[in-house]
Amino acid sequence: MKTTKTKLTRRKSAAKANVRTPAAPTRGDLGALLVSGNFRLVDLTQTLSPDFPTIVLPPEFGQCRPFRMEEVSRYDERGPGWYWNNVSFGEHSGTHFDAPIHWISGRDLPNNSVDTLPIAHFIAPACVIDCSAQAKADADFLLTAALVKRWEQRHSRIPAGAWVLMRTDWSKRNDPVAYQNLDDTGQHTPGPDPDCVRFLVNERDVLGFGTETIGTDAGQAAHFAPPYPCHYYMHGAGKYGLQCLCNLDLLPATGALIVAAPLKILQGSGSPLRVFAIVPAE
Amino acid sequence: MAARGYDDVVLAAPVTVPYVRYSTHGAHWFLGRAVAGLIAAAKIPKRQIDGLAVASFTLAPDTAVGLTQHLGLTLRWLDHVPMGGASGIVSIRRAARAVQGGDAEIVACVGGDTNHTDSFRRNTANFSQFAQDAVYPYGSGGPNTSFALLTAYYMRRHGATREDFGKLCVAQRTNALENPLALFKKPLTLADYLNARLVADPLRLFDCVMPCAGAEGFLVMRRGTAEKLGLPFARLLGAVERHNAFPADPIQDRGGWALDRDALYAQAGVGPDDIDFLETYDDYPVINVLQFEGLGFCPEGGGAEFIRANSFEVAGSFPFNTSGGQLSVGQAGAAGGHLGIVEAIRQLSGQTLGARVPDARHGLISGFGMINYDRGICSGAALLAAA
Amino acid sequence: MAQVVKRPKRKNPVERTRLPTLPPATRSRVALGLTAAAARGRFELQVCRDCGAVQYPPREVCRICLSQRLFWRRQDGMGELISDTTLHAAQELFFRERLPWRIGDVRLDSGVNVIAYVHHNVGAPPCRIRIEAALDRSGQAALVAMPERGRPALSDDPKLREMTCNPRARKILVTDGKSAVGQAVARALAAAGADLIWIGMAEPWKKSAGFDALRELPQAKVVPLDVTDSRSVRELAGEIGGKVDILVNTSDCHRAFSLAARRGVETAQLEMDVNYFGLLRLAQEFAPTLKARAADGDANAIAWVNVLSVFALSNYPPHGTYSASKAAAWSLSQNLRADLRPAGVRVINLFPGPVDDEWDQLEMPPKLSPAALAAALVQSLQGSVEDVYPGDVAQDWLARNLESPKTLERELGEFDR
Ligand SMILES: [Zn+2]
Ligand SMILES: [Zn+2]
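Chains as they are written, first to last, in my numbering: chain B, 1 to 282; chain X, 1 to 387; chain Y, 1 to 417.
Quick caveat, the hints were computed from the structure, so don't treat them as lab data. A couple of the hints might just be wrong.
[What the hints assert, rightly or not] Only part of the chain B face toward chain Y is listed, based on derived beta-carbon distances under 7 Å:
no. : residue
1   : L48
2   : P50
3   : P53
4   : G62
5   : P176
6   : V177
7   : Q180
8   : D249
[Said to hold, decoys possible] With beta-carbon atoms standing in for the labels, derived distance ranges:
no. : chain 1 : residue 1 : chain 2 : residue 2 : range
9   : X       : T117      : Y       : G150      : 44 to 52 Å
10  : B       : A133      : Y       : N335      : 55 to 63 Å
11  : B       : G62       : Y       : G193      : 41 to 49 Å
[As the list claims (entries may be wrong)] Derived lysine-lysine pairs resembling DSSO-like cross-links, with alpha carbons at most 27 Å apart:
no. : chain 1 : residue 1 : chain 2 : residue 2
12  : Y       : K6        : Y       : K291
13  : B       : K172      : Y       : K207
14  : Y       : K207      : B       : K136
None of the values given here were measured: they were computed from a predicted structure. All C-beta atoms in this analysis are idealised placements derived from N, C-alpha and C, irrespective of residue type, glycine included.
Produce the entire structure from the sequences given, and follow the hints as far as they go.
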C-alpha cells in the first residue's frame with residue numbers, strides 16, 4: 001500500500017512539472033482572419049452513428065457503449081408537432097476528445113476533466129504529419145521521434161501548445177471491419193511509439209495528439225512499454241487526445257487552427273464533439 | 001318405489017308458430033307468439049294462464065323469469081327447462097305435478113328459438129363447458145361430430161347400414177309432405193339420401209337436422225278444466241325422465257329409456273304393443289334407433305332388423321314421426337323437444353294438420369337432449385292416450 | 001410415411017394475402033391445466049387425490065367421490081380408438097378453410113373418453129392408439145391420437161403439421177450468429193431442412209472463426225443486426241421482415257455476475273439492452289409483419305423462438321444480473337405471446353441450464369453443449385410445445401420450482417461466495 005502511494009505521488013509531481021499553458025492565437029490575429037473571410041473551414045468529424053465502431057476490449061472489461069439513438073417522437077402521437085431523439089453513447093465514441101483524467105497517469109491533475117479544461121485550449125494551431133503512405137504500407141506503422149524531427153526540418157518546429165495530428169488516411173476506410181482491422185492478435189492500426197510521445201510531451205510541450213484511428217495509440221500499443229504510451233504520457237502531462245478524426249488530408253502541414261470543444265460533462269473523461277479546422281487561405 | 005300416476009292430467013291446445021329458416025325476430029317473439037296461440041286456441045284470457053314452463057336456447061340473457069315480464073304474465077308457478085330435446089317431456093312432468101297438486105290450474109308449456117344467420121354456431125360454441133373445453137375445438141362440427149361418432153360406432157357394432165337409416169328419413173319426408181308447416185316440401189328418395197353431400201362421415205346432408213326458427217306449445221290442465229273450456233285433449237298416462245344414464249359405457253349405444261321403460265309402461269298400464277304411433281327426438285337417425293330399442297320395440301342392437309321389418313309412414317306398420325319429425329320439419333332449437341308432443345296431441349285429439357293415424361288410441365313420445373360432452377345426457381318419454 | 005415438404009411456390013402478387021383464422025380458443029379455467037401441461041409437451045389429466053379416479057374433461061371436483069383435491073398427473077395416453085369420423089363441414093372458419101378433419105372418440109385405458117384429432121397413420125377403429133397432447137394454432141392443448149407403435153411425427157400428417165412449426169423449407173432469422181449457441185442453432189436449422197437462414201451479425205469487426213465457417217452453409221445469408229441498435233433492427237425488418245417465417249432470438253449478453261461482484265450498473269445495462277430491450281426491439285419491428293403473414297399459404301409466418309435461461313425462473317445469485325435480464329425477457333416474451341396468439345404465431349421459450357460456453361465456465365457439470373441446446377430448439381419447432389427446459393439442470397430447476405418457488409430461491413441463495 002505504501003509503495004503504491006509513493007509511486008502515485010511521484011507521478012503527480014512529475015506530471016505537474018510538465019504542465020505548461022500553450023500559447024493561444026491572439027484575439028487580434030483570429031479576429032482579423034475571421035473578418036477577412038480569407039479562410040476555409042474543414043470538418044474533421046465523423047458522423048455519430050450507431051454502427052460506428054468503438055474500441056474493442058476483452059468482454060469481461062467494462063465497455064464503451066456505442067452511439068445509440070431512440071426516437072422520442074416524430075410528428076406523431078408521441079409528440080404531434082415535433083421530432084426528437086434520446087441519444088446515448090460512451091464518452092469515447094465517435095470522433096471524440098480525451099481529457100487527462102481519462103488515464104490513471106492524469107487522474108490527479110488540476111482541471112483534468114472536460115468540464116474544467118481551460119476554454120482557451122479549445123482553439124489551437126495544428127501540425128499535421130502525413131504518414132498516409134507508411135500507414136498504407138503497414139497497418140502497424142509507428143511514428144517515431146526521428147520522423148517527427150524530419151517533419152520539423154521540412155516544415156517548422158512544432159510550437160508549444162499546438163495539436164499534433166497524425167494523418168494516416170485511415171478515416172477513408174469506410175468499412176468498419178477494415179477500419180477496426182482486428183485479428184486474433186488484436187487491432188492493427190498506426191500510432192506513435194513511446195519515444196515519440198515522450199519527445200512531443202517533454203521536448204515540444206504540445207497541446208495534444210490526434211489520430212484518424214480508434215485510439216491515439218497504435219492498435220498494438222497494449223504490448224508497448226508502457227502500455228498505451230500516448231494515453232499514459234500525454235494525459236499524465238495534462239495533454240489531450242483527439243481520435244477518429246477525418247479529412248486530415250485537407251489540412252496544410254501547418255497554419256490551421258483547430259476548434260475542438262468537448263461537451264461540458266461534470267467530471268467527464270472525454271466526449272464526442274464537432275471538430276473543425278480554420279485554414280487561412282494560401 | 002313406483003311413482004304416483006298422473007290421474008286426470010291432460011294436454012290440450014297444440015300450437016305451432018310456423019318455422020322459418022332464419023328470422024330477424026328474437027326468441028321472445030317466437031315464445032310470445034306461442035303463448036298467444038295457446039290463449040287463442042283455448043279461448044281464455046291471458047290472466048287465466050297461471051303456470052309457465054319454458055325451454056329455449058336463444059332467450060339468453062333472459063330465462064323464464066324475464067319472459068314473464070316481457071309477456072306481461074302474472075303466474076303462480078314457473079319453470080325454466082333447459083334440457084334441449086328432453087325439455088318437452090320434462091315440462092309435461094313438471095306441469096302435470098303442478099296441476100295435480102293444485103299449484104297451478106293451466107300451465108303453458110312452450111319451447112322455441114330464433115335462428116339468426118350465425119346463431120347456430122354461437123350456440124354450439126358455448127353449448128356446455130365440456131363441449132367448449134373438449135369437443136368444439138376439435139373441428140367445430142357441433143352435433144354433427146358427436147352423432148357421426150355414435151352413428152359410425154352403431155353401424156360397425158350392430159351391422160346397421162346407411163340404407164336402414166335412409167329408410168327412416170324417407171318415411172319421415174313422406175309424412176312431412178302432408179304437413180303444411182314442414183319446411184321440407186320436396187319428396188326424398190333413398191338415392192337422394194344416399195348420395196347427398198358428405199357432412200361428417202358417415203353422415204350426409206339428410207342425416208342432419210336443419211336449424212331454423214319457430215316455437216311449439218301446449219297446455220297442461222286437469223280433464224275437468226279442459227272439458228269446461230270445451231277443449232279437445234289427450235290424456236297423460238305416464239312419463240319418465242333420466243339424466244346421465246350409463247356413464248360407464250365407453251360410447252353411447254343406449255340411452256336412459258332402458259332404465260325407465262318398465263316403469264313407464266307400468267304407470268301407463270299399457271305396453272309397447274299397444275302403441276299406435278311413436279314420436280321420437282330425431283335430430284339424427286341413429287338416435288331414433290336407440291329410442292326404438294330403449295323403449296322396447298326391439299332388442300338392443302336389433303334396430304336395423306326392426307327397420308327392415310317395418311314401414312314408418314303414417315299408414316305404415318309402425319307410424320313414426322307422423323308430422324315429418326325434425327329431420328323434415330326443421331329444428332327450431334328447443335322446440336324440437338315439443339314438436340312430437342304437439343303432434344301427438346293433434347293425433348290423439350283429432351286436430352292433425354297432415355295425415356292422421358287411423359284409430360290412434362295410444363301415442364308414445366320420446367325426448368333426448370344435451371350432448372354435453374360425448375353423449376346425450378337427458379332422456380325421457382311420455383305416453384298419451386286419446387280421450 | 002413421412003410427407004416430403006416441398007419448398008413453397010413463390011407468392012402470387014395478384015392474390016390477397018389470407019388473414020389468419022384460429023381454432024376456438026375459449027376454455028374454462030380448469031381446462032387450462034391441459035394446456036399448461038401440453039405447453040411443456042406433456043399429456044396430463046386430472047386425478048383425484050382421494051380416490052385416484054382419472055377424469056376428463058377437466059372438472060372442479062372428482063366425478064366419483066366429489067373430492068376437490070384434484071391434481072394433474074402425466075398419462076401414458078394408451079387407449080383404444082372406438083369410433084372416428086371425417087368432418088366435411090365445420091362451423092369455425094379455421095376448420096372450414098382446412099376441411100376435411102379426422103376426429104375420433106378414444107377410450108383411454110384409464111377409463112375416460114377423449115375426443116381427439118386422429119393422425120392419418122392410425123387405422124380404422126377399433127384399434128390401439130396413444131394420445132399425445134399438442135398445441136393448436138390458438139395455443140391451446142389439442143389431443144391427438146397417434147398410432148400405438150412407431151413414432152410418426154405430427155407434421156407427417158398435413159393437417160396436424162400446423163400444430164408444429166417444422167423448420168423444413170422455412171425461412172428463418174437467427175438474430176445472432178456470433179455466439180456458440182447461435183452458430184449451433186444455425187447449423188441445426190440447416191440440417192433440419194431450413195430453406196434460408198439469415199444470420200445476424202453485430203459488430204462485424206469482431207471476427208470469429210465459428211461465424212466465418214457459417215458462411216459456408218448453402219442456406220446461410222449473413223445480415224447486419226445489432227439488437228441494441230433500434231435503427232439496425234428497424235432496417236433489417238424493413239429488408240427481410242416480410243419474408244421471415246420463424247424468428248429465432250439467440251441474442252444474448254451474459255457479462256455481470258453477482259450483485260457484489262461488479263460495481264455500477266453499466267454492464268447490467270448492457271445485459272438488459274441485449275436480453276430485454278433487444279427482444280423488445282425485435283418484437284416491435286418484426287411482430288407486426290409476422291402477424292400479417294400468419295396465413296400466407298405454405299410460406300406463412302409461424303413461430304418466434306427465444307433462447308432464455310432457466311435462471312429466469314429464480315434468481316441465481318452467481319449470475320444475478322443476468323438472471324434478472326432473462327426474467328425480464330421472459331416476462332416480455334409472455335407479452336409477445338399474447339400479441340402473436342391472435343394470429344396463431346407461436347412463441348417458444350427455451351430455458352436452458354448452464355451452457356458449456358465461456359460465461360458458464362465455472363458452473364459445475366452437467367452443462368448443456370450449444371449443439372444439444374440447438375437440437376432441443378429444433379425439436380421444439382418440429383414438435384408442438386411452448387416452453388422447453390432442455391438438459392438435466394433445467395429439468396431439475398423446473399421440478400423444484402413447480403414444487404416450491406420459495407425453496408428453490410433459498411437453495412440458490414446458498415452459493416459459495
Ligand atoms: Zn478516448
Ligand atoms: Zn375422487
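Broken hints, by number: Of the numbered hints, 1 and 8 do not hold.
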